[in-house]
Amino acid sequence: MDAATQHNQADTSFSESRIATRGKSRVDLLLHLLFILVAACAIFPFYTVVISSFGTPAGHVLPTAFTLEGYKQIIQYGVGRAFTVSVLVTLVGTFMSLFLTTIAAYALSKKGMPGWKYLMGFIVFTMFFGGGLIPYYLTVKGAGLFNSYWVMILPSAINTFYIWIMLSFFRDYPVSLEESAKIDGAGDFTILLRIVIPTSMPVIASISLFYAVDRWNDWYTPMLFLQDTTKYPLQLMLKNMLANIGQILSMNAGISSVAQSKINIPQESLKMAAIMIASVPIMAVYPFLQKYFAKGVMIGSIKG
Amino acid sequence: MMKNSLWRRMMQYRMYYLLLVPVVVYYAVFSYIPMYGVTLSFKKYMFNKGVLGSPWVGFDNFHYIFRYSAFWNAFRNTVMISFGRLLVEFPMAIIVALLLNEIAGSKLKKLYQTVFTFPHFLSWVVLGGILVNILGNTGTVHALFELLGLPEVNFLSNPDTFRPFLYLTNIWKEAGWGAIIYMAAIAGISPELYEAAYMDGANRWKQMLHVTWPSISGVAAMMLILAISGILNGGFEQIFNLYSPGVYDVSDILDTFMYRLSFSGNVSLGFGIVTAVGLFKSVISLVLLVMANFIVKRMGQEGLM
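If you read the protein sequences in the order shown, they are chains A and B. When we follow full-length UniProt numbering, the leftmost residue of the first sequence carries the number 1, and every step to the right adds one. When we follow full-length UniProt numbering, the leftmost residue of the second sequence carries the number 1, and every step to the right adds one.
So here's chain A without its partners, still in its complex pose:
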């Protein structure tokens, strides 16, 4: 009997035993009840956001209204601009981060390189020791990034932890693949572009998701370094909006043709509409990358 059949047999008998022990007992019923209850609690707050953004007043569990007024008001306030900033920062930032992380991880996967130890130490040390808030603030300011769009991209361009994940993936990369390409006359750079990157898609997809989420959700860096409110990304604009919703309403009423009576929707609806706009786009990316990500990253990081 060859190994494959043996493995198959083990699989079948395992699933039989699995059926015997799992799936039908009272424990399973309890488990499902527990999970459904917890999942419902976890989902509930998001459900209230959705109904509230369409006009249902706070405190109602069932939807009582459907209006797009909240979204209209929010767009009038200038969410469109902040949205564009967030999209551009996320796209450019993710691309740049991915580029730097990939070349760093690929080069560092060559352990035979003279000085490898020092280069590795130089990078890893930053994971465990940093200058802290003020030295960082002064450095970024000194680099001329104050009040610049680039402040949302450059200072956080590399996350060392992501290099580490990608590195463990490249380290297990079959050497034979690279070697055979070398024999065929491919240069180092061609190998990276034509062979290593295309066959590393799972880890690259996961890392790009991580970077995209970080960029999209960053409100702290712009809060520290942006003075000009027209440069604000969506998250920071949302943060301000949540604090000063009254001002926004009166401003909108003042500058626009919106009749006073029309603003008669709950303030919460505006806030929740803004929350929807700030969170739906990044969640929409997740399913596309999900298939890569289960097998890609985590397996790599464990071996690390």
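Rather than coming from a laboratory, the hints here were simulated on the basis of the structure. Every residue, glycine too, gets a C-beta built ideally from N, C-alpha and C. Be a bit skeptical, because a hint or two may be false.
Claimed, not checked - Listed below are several chain A residues computed to face chain B (Cβ distance under 7 Å; list not exhaustive):
(1) Ala58
(2) Gly59
(3) Leu62
(4) Ala107
(5) Phe128
(6) Ile134
(7) Pro135
(8) Thr139
(9) Asp188
(10) Met201
Said to hold, decoys possible - Pairwise CB distance ranges, derived in the manner of DEER restraints:
(11) Phe95(A) to Phe59(B): 41 to 47 Å
(12) Asn240(A) to Lys110(B): 35 to 41 Å
(13) Leu150(B) to Met120(A): 53 to 59 Å
Fit chain B to the supplied structure of chain A, relying on the hints for placement.
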């Protein structure tokens, strides 16, 4: 001769050195220059003189902060909240992974996993906005509590419940995400192991204890080291978006303290003093990391370094 061969080897790797140039520049500018900036802890920062030109003051900044009661309040809160997280939040990811592993149907399992994972993708600005909305005086939770005849609790402003509230909401955001790494380790367990355990008469509980747990304990040890070295972090983004002056006593951590000290005008002190707080924090974190790594290795697990 020796030098020559080293040179030859370096030439072989020249493309890789070239690739590392922008990376090294990045770290030099955004990590190592700020690291030099910690010298500000021993200086009195003067705006017009910069980091290099500001005068040295020895340990004055440290003397100042160690006599400042708000600093000790922040330090105590940071440690307490982090220990709370270690105790309450850290095991949750493992529990979620172990329980999900017990579920047979793969469709429902995936559904549960998705529900628990997606809050990770939202920022604390968004989640804070949602929590304030449902927990406020006109919020849905308030209405539900009233309906069920439960006593009124304002989770956002009550100092007694604020810390548990932080743990609970962080579990909501991160437990499912944290479980992924353990689930990946579980996926690598050979089915024969369960089979053998089953043959030996191990029930599900015993299988979980003697087959599943040993295969993820190494990952758990690694995560524990990281969590311990992060004890002085405490969770800035979450707390900053949820706290208010009424709960500073139980929730102001070193990071929020430093931020307010530096940027919110009225309590602004010298940058040198804030840098001293930062250095104090970094040094303790580094010591904790080394200690945790040592202890975990002593316990027979593979450490981080």
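How about Met201(A): closest beta carbon in chain B under 7 Å, or not?
With a minimum Cβ separation of about 18 Å from chain B (threshold 7 Å), the hint on Met201(A) is violated.
Next item in the hint list is Pro135(A). Is there a CB on chain B closer than 7 Å to its CB?
3 Å, holds
Measuring from the C-beta of Gly59(A) to each C-beta in chain B, is the shortest one below 7 Å?
Interface hint status for Gly59(A): holds (4 Å vs cutoff 7 Å).
May I ask you to test the interface hint for Ala107(A) with respect to chain B, counting a Cβ-Cβ separation under 7 Å as satisfied?
Given a least distance of 4 Å, the restraint on Ala107(A) holds.
Can the hint on Ala58(A) be confirmed by a CB-to-CB distance to chain B that is less than 7 Å?
5 Å, holds
Minimum beta-carbon distance criterion (7 Å), Thr139(A) to chain B:
At 5 Å from the nearest chain B Cβ, Thr139(A) passes the 7 Å test, so the hint holds.
Identify whether the interface hint at Ile134(A) stands, where standing means a beta carbon of chain B within less than 7 Å of its own.
5 Å, holds
Asp188(A) was flagged as interface toward chain B. Is the shortest Cβ-Cβ separation under 7 Å?
4 Å, holds
Tell me if the interface restraint on Phe128(A) is satisfied: Cβ within less than 7 Å of some Cβ in chain B.
6 Å, holds
Pairwise beta carbon distance, Leu150(B) to Met120(A), judged against the given window 53 to 59 Å
Distance hint for Leu150(B), Met120(A) holds at roughly 55 Å.
CB-CB spacing for Lys110(B) and Asn240(A) relative to the 35 to 41 Å hint
38 Å, holds
Would the hint on Leu62(A) stand, with a C-beta cut-off of 7 Å toward chain B?
11 Å, violated
The structure fails to meet hints 3 and 10 from the earlier list, while all remaining hints are met.
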